[in-house]
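Chemist: Sequences and hints are given; from them, build the entire structure.
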Amino acid sequence: MMTHTTVDSPVGPLTLVATDGALSGLYMTDQRYRPDDATFGEPDAEPFGEAVAQLAEYFAGERTSFDLPLSLRGTPFQRTVWSALREIPYGETVSYGELARSMGRPTAARAVGLANGRNPIGIIVPCHRVIGSTGGLTGYGGGLDRKRHLLDFERSLRR
Numbered sequence: 410m411m412t413h414t415t416v417d418s419p420v421g422p423l424t425l426v427a428t429d430g431a432l433s434g435l436y437m438t439d440q441r442y443r444p445d446d447a448t449f450g451e452p453d454a455e456p457f458g459e460a461v462a463q464l465a466e467y468f469a470g471e472r473t474s475f476d477l478p479l480s481l482r483g484t485p486f487q488r489t490v491w492s493a494l495r496e497i498p499y500g501e502t503v504s505y506g507e508l509a510r511s512m513g514r515p516t517a518a519r520a521v522g523l524a525n526g527r528n529p530i531g532i533i534v535p536c537h538r539v540i541g542s543t544g545g546l547t548g549y550g551g552g553l554d555r556k557r558h559l560l561d562f563e564r565s566l567r568r
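Numbers 410 to 568, taken from our numbering, label the letters of the sequence shown in order.
Simulated from the structure, these hints should not be mistaken for lab results. C-beta atoms are modelled at their ideal positions from N, C-alpha and C, and glycine is treated no differently. Mixed in with the good hints there might be a few duds.
For each label pair, taking beta carbons as the anchor points, the in silico distance ranges come out as [stated by the list, open to error]:
1. Ala-431 - Thr-516: 31 to 37 Å
2. Gly-544 - Ala-431: 32 to 38 Å
3. Tyr-499 - Val-461: 36 to 42 Å
4. Gly-544 - Met-411: 37 to 43 Å
5. Ser-511 - Thr-543: 27 to 33 Å
Modeler: Rendered as structure tokens:
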């Protein structure tokens, strides 16, 4: 069973989606690869209390990682990439190539980038922390302005 709710954030409205009580989506307005809203199930804020609280703590600068039940649906390779994203420290960045090497797949930078772009749970699974090999901001499903905002925000608060 799927349900959803929308919450405000400094990067605009965030649509949270749960599948059987576990967070399965966090989507921004106009996000690339955002599923059709009709697939999000019924509106119901109840399953999202902890996710909303942790996001509020994150945006208040009080939380550097998330501890939520997630339901990540994708290919085995995508799920491996999404798991590796959760290992990138708060306020730090890695390149697609560095992420591929850390996964033991040194020639898979492009595939890592494609999987990164399909991450269904932005911010919580921090795909915004992946940058180009030259240090530049490249692709972000939520838009480069949001990526820049999230990175600048994290860097300003890094302890």
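Chemist: Take the hints in turn and mark each one as holding or not.
Modeler: For each hint, the structure was consulted:
For Ala-431 paired with Thr-516, a C-beta distance near 33 Å keeps the hint of 31 to 37 Å intact. About 35 Å separates the C-beta atoms of Gly-544 and Ala-431, a value consistent with the hinted range of 32 to 38 Å. A hinted range of 36 to 42 Å is violated for the C-beta pair Tyr-499 and Val-461, which are about 19 Å apart. At roughly 38 Å, the beta-carbon separation of Gly-544 and Met-411 lies within the given 37 to 43 Å, and the hint holds.
For the pair Ser-511 and Thr-543, the supplied restraint of 27 to 33 Å is violated, since their beta-carbon distance comes to about 19 Å.
The structure is inconsistent with the numbered hints 3 and 5, although it conforms to all the rest.
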